[in-house]
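All chains should be built: construct the whole structure from the sequences, respecting the hints.
Residue strings, one per chain:
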Amino acid sequence: MRPFYENLPFICIFIAIICGVLSAVIQDGRKVYRLALMMTAVIAVLSVVLLYFLYTEDVSFVYSMGRFAAPYGNAIKAGPLQALLATVFAIVMGLSLLGGGHSLFQDILPEKQGLYFVVTDLLMAGLLALVYTNDMFTGYVFIEITTIAACAMVMAKDTGPNLIATIRYLFMSLLGSGLFLIGLTLLNSVTGYLLMEPLAKAVAILAELGQYQRPLVVSIGLMVVGLGIKGAMFPFHLWLPDAHGGATTSSSAILSGLVLKGYIVLLITLMTRVFGLQLMRKVGVSNILLTLGLLGMIFGSLAAMREYHVKRMLANSSVAQIGYIFMGLGLGTEAGVAAACFHILVHAACKPLLFICAGRLSTVSGHHRSLKNLRGSAYRDVAAGVGFTVGALSMIGIPLLGGFVSKLYLSEAALESPFMAVVLLTIAASTVLNALYYVPAILAIWVRPAWEEVRFIMMDVKPEDTRFDRLFFIADAVFIFLIFLLGIVYHPILNVIRAGIRLM
Amino acid sequence: MSDGKEKSRWRRFAEWVNGDSVARDPTTQYVMDRRPARARAPQELHEERERLRLKKFLGLYPLAASVLCLTLIAILFATVLCIPPFGQPGNPTNNEVSRHYLEYTEEETGATNAVTGMILSYRGFDTLGESCVLFLAVSSVMMLLQRDGNNTDEQTLLRLRREDAIERTHPDNILRKSAKLLSPFILLFSLYVLFNGETSPGGGFSGGAVLGGGLILYSAAYGPEQLSRLLTRRLYDGVRIAGLMAYALTYGIYIFAGANGITVEMEWMMTVIDLAVGLVVACTIYGFYTMFQRGKL
Amino acid sequence: MTVLENILLAGLVICAAAAPLCKRLLATVIVYLAFSVILAVLWSILQSPDLAITEAAVGTGISGILFFLTLKKIRALKGTQDE
Amino acid sequence: MLEAISQNRFAVVAVILFGIGLLNIMLQQNLLKKVVGFSIMDSAVFLLLASLGYIEGHGAPIVEEGSANASLYINPIPSGLVLTGIVVSVSVTAFSLALIQRIYRHYGTIELRELLERAKKEED
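Protein chains in written order, with my numbering: chain A, 1 to 504; chain B, 1001 to 1297; chain C, 2001 to 2083; chain D, 3001 to 3124.
What the hints contain is simulated information worked out from the structure, not anything from laboratory work.
Honestly, I wouldn't trust all of these hints.
As the list claims (entries may be wrong) - Dumping the calculated SDA-like pairs for lysine to any residue here, alpha-carbon to alpha-carbon at most 20 Å:
| hint | chain 1 | residue 1 | chain 2 | residue 2 |
| --- | --- | --- | --- | --- |
| 1 | B | K1296 | B | A1220 |
| 2 | C | K2023 | D | T3109 |
| 3 | D | K3120 | D | T3109 |
| 4 | B | K1056 | D | E3064 |
| 5 | B | K1296 | A | L277 |
| 6 | A | K31 | A | G101 |
| 7 | D | K3120 | A | L425 |
| 8 | C | K2072 | D | E3111 |
| 9 | A | K112 | B | T1152 |
| 10 | C | K2072 | B | R1161 |
| 11 | B | K1055 | D | R3113 |
| 12 | A | K112 | B | K1180 |
| 13 | B | K1055 | D | R3118 |
| 14 | A | K201 | A | Q106 |
| 15 | C | K2072 | D | R3118 |
| 16 | D | K3120 | A | D28 |
| 17 | B | K1055 | D | E3056 |
| 18 | C | K2023 | D | E3122 |
| 19 | B | K1180 | B | Q1226 |
| 20 | C | K2072 | B | D1164 |
| 21 | B | K1055 | D | E3003 |
Unchecked claim - Derived list of chain A stretches under chain B, where covered just means 3 residues or more per stretch with a C-beta under 8 Å from a C-beta of chain B:
| hint | region |
| --- | --- |
| 22 | 69-75 |
| 23 | 86-93 |
| 24 | 144-156 |
| 25 | 191-202 |
| 26 | 312-320 |
Here a beta-carbon is modelled for each residue, glycine too, at the ideal position from N, C-alpha and C.
If you want it as structure tokens, here you go:
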């Protein structure tokens, strides 16, 4: 008889699926919204409990989905890292829905709101399954769930450019899953397993014997590229700005905060659990990841500097931040992976905050979204202004905030790498570039323009938009708290991550 | 060509420097007078540049894409030449897992069809995910195509009504007669496949797909109203959601019991799961059809 | 058996290559459906009757209906060209 | 070389189909043809996957009463995976076709190049 807490990961996934189905029964937008919020809260609490048990007992466990043990049935695996990620994913999902709730109900037609929350609930299930999965093919199925759900969230706003962005996103994602699937097939053809533990053994034996080297290397490469396309790795990121920039506020927050991370977490699982970092370094995939990550850090920031539209600027900045994560993974050491995991957490806290604050600022400015029309908007909702400022400063890397710590650890991890100089220089350059577009944005929202300038903008503002938005305020405050938490008490969090990687 | 464009751009820029340009509306006038530090280029210049970028992108993209694709194909081609040979029993794929499935499926799951036994019980979690994909796809298609203010106007409704009227006055006799003849058999066949999946090819997915096909044929032959009277929106939603719910709950119990080592009676579970999967698939397929056809149930 | 297999595989490649090259969208879809039918036959040669049934019902039947309905909605059925 | 090709003919055909599908997804301007390309690409992967499970001379994996001898039947695992994959692929196809219908309604065209230009204009 296993201890009860080992059931928690499965129960979390199960709750999310059941809530999705229930949402389709209830159909009323407001009620379903509350159900989704409650679901994320319950999942967050359960995941925290799981994290507590796993971290204090320093274990990870395999949970067979059904009564058939290891190589015969499906299984999921949970360790401290997985529990931590699940907690953060649930919290961020809930807060994003909370913070963007106001514009959500404005952007989506009343009869479609119920369906939107069906999609978010199933997205939560998909993300949790991606975090916990211990089986390659289960990973593929839940990648597809996440893909369809993410596309549905982009198109929920239902304007023309939105639809086009969705179909581009869909095709790129399908390309990614196609590559992942063919990589999986090739790997299966030389190893014959799908479950990760036996697969890892088979891969290690093949690598040792030098048999089937080519299929092995190619399949690793294909899976990395497939997940990279879905996670907006540098040359494959062109779909991202339109998809994330045009969606409704909550969707943008969830998409760049969580969905991208879901694929990257699966990639991390594959790298550490199946292939092993040593093999990744040996076949050179690590160096490709490192190069593309570094290029993404620079080019993402350059693209963001060119943008006027505030949400597209944030979306482009995601490309740069994802570049940091791939760079950390590309270092191919445990320290690098740990730093990348920490950056996943930081970005998952900062980017949704920036998105919901930008959404709120544009709501109180008559739904204008280009930066010049948002000038002085921080005074119309101070909480949103403060949130935007904190998020942006954290992204730049100001001490006491989360972004600083992750950059520090990434640099520290780079010290052991043979490419130390290049990596450190790129981090420095990217930080400067980040500052070059975030600081003007912060200045723009805080500098009070002359009254004549804002008069025309204020004419578009409806009185109900400027009313105090309690839900937004709560989400804003919690996000700011999270960022400070990540920036000040980073040590225990990093210990959890290290334990998680050790127990992968 | 590009020279001319350059010139007009330059002229506009010069005009703007001289303060001659006429702003299109008062908002931009103010913005242009005191432009923020970042917005150095005027709006039109920016637009022009964006358009040029798009053009350059569209010109460069096919080249880059085809090079990438061809490289990938070459790599794959070289790879599949050295994977284990086709059809040999000694390949790595044919390991103890597949042997176990073949030898113990009947004993452990009660199904003689190893594929059905595998997807429903050994790898049941995948199948749950797959049902979720179907459910999600129907929800997304409904989000897109269900009639609302955004995607339907009077004209479309009028056209739909006109088409219905034509169909009513000029029924397609061949279709109708053959459908009348075929639909009972198709429905019967689908039920056979659905219930017999454990001992013969088929099972939930195939049976559900055939059942959905039968419904579509019926609807196409007798007109959607006929079927709507039989299968109302409420009934459809009920069946679809009850199917997935029953499936998820049964499967939840199955996993929970299995993982914790509690023994439960298994036979009914397989039947329920198989039936529920069939219902979900049939509803999904009929839902796709009716959403594509009419935008409402 | 091998001869039949090879013929079917060649047919698969020809259909796949021809489908997107057709000028009319209707032709594209029909050639694609032929591709699906050949695939269904191949599944049964590969001794996977489950796949054959599903491919025939889902890949050919349902996909075909969905493609045709889409063609109707984008007015490509009666028109002369890709309109 | 030729021997290797004929030995792995299913895999080779699968790669060719995959390539055709990939080129279509990347290069076609017509959205509907892109969807067809995607379906071809997925079918190619399924063909490769299913061919892994085939064993010459063995029968379909429907175990006869009392003769659970593994050396009579083909490998059931790839078949099961492909079954799951086909269903997933059809749902994705349906979703993308629905999107195409809406795009046509909104813009009156399904050529990507035109659509991108129009969307740019609409946004400004």
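Status of the hints after comparison with the structure:
For the suggested pair K1296 of chain B and A1220 of chain B, the alpha carbons sit about 15 Å apart, so the restraint of at most 20 Å is met. The straight-line distance between the Cα atoms of K2023 of chain C and T3109 of chain D is roughly 16 Å, inside the 20 Å bound, and the hint therefore holds. With a C-alpha separation of about 15 Å, the suggested pair K3120 of chain D and T3109 of chain D falls inside the 20 Å cut-off, and the hint holds. Distance restraint check for K1056 of chain B and E3064 of chain D: the Cα-Cα separation of roughly 63 Å exceeds the 20 Å cut-off, and the hinted pair is therefore not satisfied.
For the hint pairing K1296 of chain B with L277 of chain A, the CA-to-CA distance comes to about 52 Å; that exceeds 20 Å, so the pair is violated. Taken as a hint, the K31 of chain A and G101 of chain A pair is honoured in the structure, with Cα atoms around 13 Å apart against an allowance of 20 Å. With a C-alpha separation of about 36 Å, the suggested pairing of K3120 of chain D with L425 of chain A is violated against the 20 Å cut-off. For a cut-off of 20 Å, the pair hint linking K2072 of chain C to E3111 of chain D stands: about 17 Å separates their Cα positions.
The straight-line distance between the Cα atoms of K112 of chain A and T1152 of chain B is roughly 14 Å, inside the 20 Å bound, and the hint therefore holds. Annotation: proposed proximity of K2072 of chain C to R1161 of chain B holds, straight-line Cα distance about 16 Å (limit 20 Å). Restraint check for K1055 of chain B and R3113 of chain D: satisfied, since their Cα atoms lie roughly 9 Å apart, inside the 20 Å limit. Distance hint between K112 of chain A and K1180 of chain B is unfulfilled; the C-alpha atoms sit about 36 Å from each other, more than 20 Å.
With a C-alpha separation of about 13 Å, the suggested pairing of K1055 of chain B with R3118 of chain D holds against the 20 Å cut-off. This hinted pair does not check out: K201 of chain A and Q106 of chain A have alpha carbons roughly 53 Å apart, beyond 20 Å. A hinted pair counts as satisfied when its Cα atoms are at most 20 Å apart, and K2072 of chain C with R3118 of chain D does not qualify at roughly 23 Å. Between K3120 of chain D and D28 of chain A the alpha-carbon distance is near 35 Å, which puts this suggested pair outside the 20 Å criterion.
Among the hinted pairs, K1055 of chain B with E3056 of chain D is inconsistent with the structure: their alpha-carbon atoms are about 53 Å apart, more than 20 Å. With a C-alpha separation of about 30 Å, the suggested pairing of K2023 of chain C with E3122 of chain D is violated against the 20 Å cut-off. Under the criterion of a C-alpha separation no larger than 20 Å, the hint pairing K1180 of chain B with Q1226 of chain B is consistent with the structure, at around 13 Å. The hinted pair formed by K2072 of chain C and D1164 of chain B meets the criterion: a straight-line CA distance of about 15 Å does not exceed 20 Å.
Taking the CA atoms of K1055 of chain B and E3003 of chain D, the gap is near 47 Å; set against the 20 Å cutoff, the hint is violated. With 4 residues bearing a CB less than 8 Å from a CB of chain B, the region 69-75 of chain A meets the requirement of three and the coverage assertion stands. Under a criterion of three residues with beta carbons nearer than 8 Å to beta carbons of chain B, the stated coverage of the region 86-93 of chain A fails, only 0 such residues being counted. Judged by the Cβ-Cβ criterion of 8 Å, the region 144-156 of chain A is covered by chain B as claimed, because 8 of its residues qualify and three suffice.
With a cut-off of 8 Å between beta carbons, the region 191-202 of chain A has 4 residues touching chain B; three or more are needed, and the interface restraint holds. Closer than 8 Å: that is the beta-carbon criterion, and the region 312-320 of chain A has 0 residues meeting it against chain B, so the requirement of 3 is violated.
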